[in-house]
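Undergrad: When you get a sec, could you build the whole thing from the sequences and use the hints?
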Amino acid sequence: MKAEEEFLKNAASMVRFAEEEIKQFLAWTGKRSPYSRSAEEIRTKLQTAAADLKCLQKEYGRTPVNGPFVLTHAAIPRNGTPALD
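All residue numbers for the sequence shown refer to my numbering, where the first residue is 1 and numbers rise by one.
No wet-lab data here; the hints were simulated from the structure. Watch out, some of these pointers could steer you wrong.
[Claimed, not checked] Once the Cα atoms are required to be at most 16 Å apart in a straight line, the calculated EDC-like pairs of lysine to aspartate or glutamate come out as:
id	residue 1	residue 2
1	58	5
2	9	59
3	54	5
4	45	20
[As the list claims (entries may be wrong)] Quick list of the computed label-pair ranges, beta carbon to beta carbon:
id	residue 1	residue 2	range
5	24	62	30 to 40 Å
6	35	11	17 to 27 Å
7	16	60	28 to 38 Å
8	62	27	22 to 32 Å
9	25	63	33 to 43 Å
10	20	52	13 to 23 Å
11	23	60	26 to 36 Å
No experiment lies behind these values; they were computed from the predicted model shown. Ideal placement from N, C-alpha and C gives every residue a C-beta, glycine not left out.
TA: Rendered as structure tokens:
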């Protein structure tokens with residue numbers, strides 16, 4: 001597994017665990033507590049982050065190079081003159 005794939009997997013796991021912890025917090029404190037509104041907002045943000053990570057995983061999986069950088073323009077040598085092919 002590449003480092004990028006491991007990162008995405010670990011990030012998704014952390015977000016999922018954080019959401020479970022917020023659910024447990026809500027169960028302990030109750031819906032009418034002064035904390036429930038903030039906890040629900042955090043839960044919503046975590047759900048958004050989970051969906052964003054899922055999209056990123058799919059996008060990364062579709063990348064032909066599966067690398068962080070793709071050269072999309074001509075390289076210019078140190079002499080400052082572009083190479084012509």
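Undergrad: Each hint: holds or not?
TA: Now the hints, each set against the structure:
1. 58 - 5: 11 Å, holds
2. 9 - 59: Satisfied, since the Cα-Cα distance of roughly 14 Å is no more than 16 Å.
3. 54 - 5: 12 Å, holds
4. 45 - 20: Judged against 16 Å, a Cα distance of about 13 Å means the pair holds.
5. 24 - 62: 30 to 40 Å: Given a distance of about 35 Å, which is inside 30 to 40 Å, the answer is holds.
6. 35 - 11: 17 to 27 Å: 26 Å, holds
7. 16 - 60: 28 to 38 Å: 18 Å, violated
8. 62 - 27: 22 to 32 Å: At roughly 38 Å between Cβ atoms, residue 27 and residue 62 fall outside 22 to 32 Å, so the hint is violated.
9. 25 - 63: 33 to 43 Å: 37 Å, holds
10. 20 - 52: 13 to 23 Å: With a Cβ separation near 18 Å, residue 20 and residue 52 satisfy 13 to 23 Å, so the hint holds.
11. 23 - 60: 26 to 36 Å: Once the Cβ atoms are compared, 28 Å apart, the range 26 to 36 Å for residue 60 and residue 23 holds.
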